[in-house]
Amino acid sequence: GAVVSQHPSRVICKSGTSVKIECRSLDFQATTMFWYRQFPKQSLMLMATSNEGSKATYEQGVEKDKFLINHASLTLSTLTVTSAHPEDSSFYICSSDPRSTDTQYFGPGTRLTVL
Amino acid sequence: QKEVEQDPGPLSVPEGAIVSLNCTYSNSAFQYFMWYRQYSRKGPELLMYTYSSGNKEDGRFTAQVDKSSKYISLFIRDSQPSDSATYLCAMSQGGSEKLVFGKGTKLTVNP
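These protein sequence lines map, in sequence, to chains R and U. The working numbering puts the first residue of the first sequence at 407, with every later residue one more than the last. The working numbering puts the first residue of the second sequence at 75, with every later residue one more than the last.
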């Protein structure tokens, strides 16, 4: 099956600092990756669609200058939360869609806590 | 009306029971239907994937799609405590189109 990894699994940072989260496709090439945020007891909210070699597409209400996405290779996309604040504390999950499957496989998620 | 409606539960059943989970949707353009299982503090895990209408079975799990009623179901037979998780339905129009998720149903199977 398609395997997606994320790093780190958990991060705690101080308010005002930036945090980078990596999402890797381990056994397939990912032209497109998706970034989601999930608050406790809520469903996944799509933040942005990351396209290899081009700019990400952000969902309405998501600040692109705060959540920087880079998809420089077919196996790696990164999400940087800039100037993080406590309200950015959440579970961030990436996914990708192997071309042959028409569905999405998710990474294990990154729990961000901003103090 | 939300695009995808899913009863959040919680749903509590005894071990061995048959569990029925379902979602309704409003967008007739959806073609791909998925069920994900999410354990606490983990990423969603793909359980079942169905294209268009029909049934699909995989072990103890059966997924049903009725596009005429815009209704999808997931059945779990002989439920086990390890099935305790949140189950999310998701659907899309296809290709690399974004998934639209239900809110998830929290299931507890009691030994």
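Worth double-checking, as some hints may not be accurate.
Here are the simulated lysine-lysine pairs, DSS-like style, with alpha carbons at most 30 Å apart [stated by the list, open to error]: (1) U:Lys116 - R:Lys447; (2) R:Lys447 - U:Lys144; (3) R:Lys420 - R:Lys461; (4) U:Lys130 - R:Lys426; (5) R:Lys472 - U:Lys116; (6) U:Lys141 - R:Lys426; (7) R:Lys472 - U:Lys144; (8) U:Lys116 - R:Lys461; (9) R:Lys470 - U:Lys130; (10) R:Lys470 - U:Lys177; (11) R:Lys470 - U:Lys144; (12) R:Lys420 - U:Lys76; (13) R:Lys426 - U:Lys144; (14) U:Lys180 - R:Lys447; (15) U:Lys130 - R:Lys447; (16) U:Lys177 - R:Lys447; (17) U:Lys76 - R:Lys472; (18) R:Lys461 - U:Lys76.
Cβ-Cβ distance ranges computed for the label pairs, FRET-style [claimed, not checked]: (19) U:Asp140 - R:His491: 28 to 34 Å; (20) R:Val409 - U:Lys130: 28 to 34 Å; (21) R:Asn476 - U:Ile92: 45 to 51 Å.
For the record, the hints were derived by calculation from the structure and aren't laboratory data. Beta carbons are placed, not taken as given, at the ideal position from N, Cα and C, and that holds for glycine.
Check each numbered hint from earlier against the structure, then list the numbers of those it violates in ascending order. Hints 4, 6, 7, 9, 11, 12, 13, 19 and 20 are the ones this structure does not satisfy, whereas the remaining hints hold.
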